[in-house]
Amino acid sequence: DQQVKQNSPSLSVQEGRISILNCDYTNSMFDYFLWYKKYPAEGPTFLISISSIKDKNEDGRFTVFLNKSAKHLSLHIVPSQPGDSAVYFCAASTDYGGSQGNLIFGKGTKLSVKP
Amino acid sequence: GAGVSQSPSNKVTEKGKDVELRCDPISGHTALYWYRQSLGQGLEFLIYFQGNSAPDKSGLPSDRFSAERTGGSVSTLTIQRTQQEDSAVYLCASSPQLGRSTDTQYFGPGTRLTVL
Chain A
1 DQQVKQNSPS
11 LSVQEGRISI
21 LNCDYTNSMF
31 DYFLWYKKYP
41 AEGPTFLISI
51 SSIKDKNEDG
61 RFTVFLNKSA
71 KHLSLHIVPS
81 QPGDSAVYFC
91 AASTDYGGSQ
101 GNLIFGKGTK
111 LSVKP
Chain B
116 GAGVSQSPSN
126 KVTEKGKDVE
136 LRCDPISGHT
146 ALYWYRQSLG
156 QGLEFLIYFQ
166 GNSAPDKSGL
176 PSDRFSAERT
186 GGSVSTLTIQ
196 RTQQEDSAVY
206 LCASSPQLGR
216 STDTQYFGPG
226 TRLTVL
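In the order they appear, the protein sequences are chains A and B.
Those letters in the first sequence? Residues 1 to 115, per the numbering used here, in order.
Those letters in the second sequence? Residues 116 to 231, per the numbering used here, in order.
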């Protein structure tokens with residue numbers, strides 16, 4: 001049973017517009033959430049994260065929102081650029097139960113930003 | 116500085132053969148993780164190392180999978196008697212701390228394993 005779900009396998013956005021990538025989770029013990037970006041033939045690279053005690057974290061064009069009651073988070077990219085085209089993975093982590101920080105990933109959303 | 120490196124980048128093997136995948140973490144990183152990504156799936160946690168010990172092997176899918184880490188650095192993931200369902204991209208990540216949820220993990224480029 002998937003604990004982290006990204007229900008949209010792909011998203012296409014025009015350059016300059018907002019990209020919104022969504023993620024849902026089921027485990028209420030998750031206390032840290034991350035977004036990773038992956039280009040073909042490369043490993044995922046860390047993009048932005050948020051602690052469960054916050055509801056928003058912003059870094060330049062990237063903002064992550066967390067709605068704990070809905071067990072939902074989203075990544076906003078504004079303005080979107082063609083170089084943002086990649087697969088975006090949502091991931092969650094917890095220190096509960098001695099999990100040692102291993103990440104639980106969603107299946108990813110492929111973002112295409114068209115010029 | 117050098118990031119996480121993995122070798123080989125691609126490996127094609129026949130069903131039933133053993134394979135070894137290597138990971139060189141970022142120098143000085145204490146924690147090391149192995150994940151795999153099967154076609155159309157997200158990354159799946161396999162095993163975690165803290166130094167040379169593996170306190171969490173919960174993600175290893177079967178006893179055909181094993182991993183070791185020597186000198187607190189290089190790690191090797193071994194798959195014995197490979198099966199077609201083992202075909203995936205195997206990713207290694209390291210982080211500087213001791214396996215806390217807030218520690219950023221840095222990923223290598225992965226090894227693409229194809230079992231014929």
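If you are wondering where the hints come from, they were derived from the structure by calculation, not from laboratory data.
Errors might be hidden in some of the hints.
Claimed, not checked - Straight-line C-alpha distance at most 30 Å; calculated BS3-like pairs for lysine-lysine:
{"id": "1", "chain 1": "B", "residue 1": "132", "chain 2": "A", "residue 2": "110"}
{"id": "2", "chain 1": "A", "residue 1": "5", "chain 2": "B", "residue 2": "132"}
{"id": "3", "chain 1": "B", "residue 1": "126", "chain 2": "A", "residue 2": "37"}
{"id": "4", "chain 1": "A", "residue 1": "107", "chain 2": "B", "residue 2": "132"}
{"id": "5", "chain 1": "A", "residue 1": "71", "chain 2": "B", "residue 2": "132"}
{"id": "6", "chain 1": "B", "residue 1": "126", "chain 2": "A", "residue 2": "54"}
{"id": "7", "chain 1": "B", "residue 1": "172", "chain 2": "A", "residue 2": "56"}
{"id": "8", "chain 1": "B", "residue 1": "132", "chain 2": "A", "residue 2": "37"}
{"id": "9", "chain 1": "A", "residue 1": "68", "chain 2": "B", "residue 2": "132"}
Remember, predicted model here, so these are calculated numbers, not experimental data.
Evaluation of the provided hints:
no. : hint          : result
1   : B:132 / A:110 : violated (34 Å)
2   : A:5 / B:132   : violated (34 Å)
3   : B:126 / A:37  : holds (24 Å)
4   : A:107 / B:132 : holds (29 Å)
5   : A:71 / B:132  : violated (43 Å)
6   : B:126 / A:54  : violated (43 Å)
7   : B:172 / A:56  : violated (33 Å)
8   : B:132 / A:37  : violated (33 Å)
9   : A:68 / B:132  : violated (46 Å)
In summary, the numbered hints that this structure violates are 1, 2, 5, 6, 7, 8 and 9.
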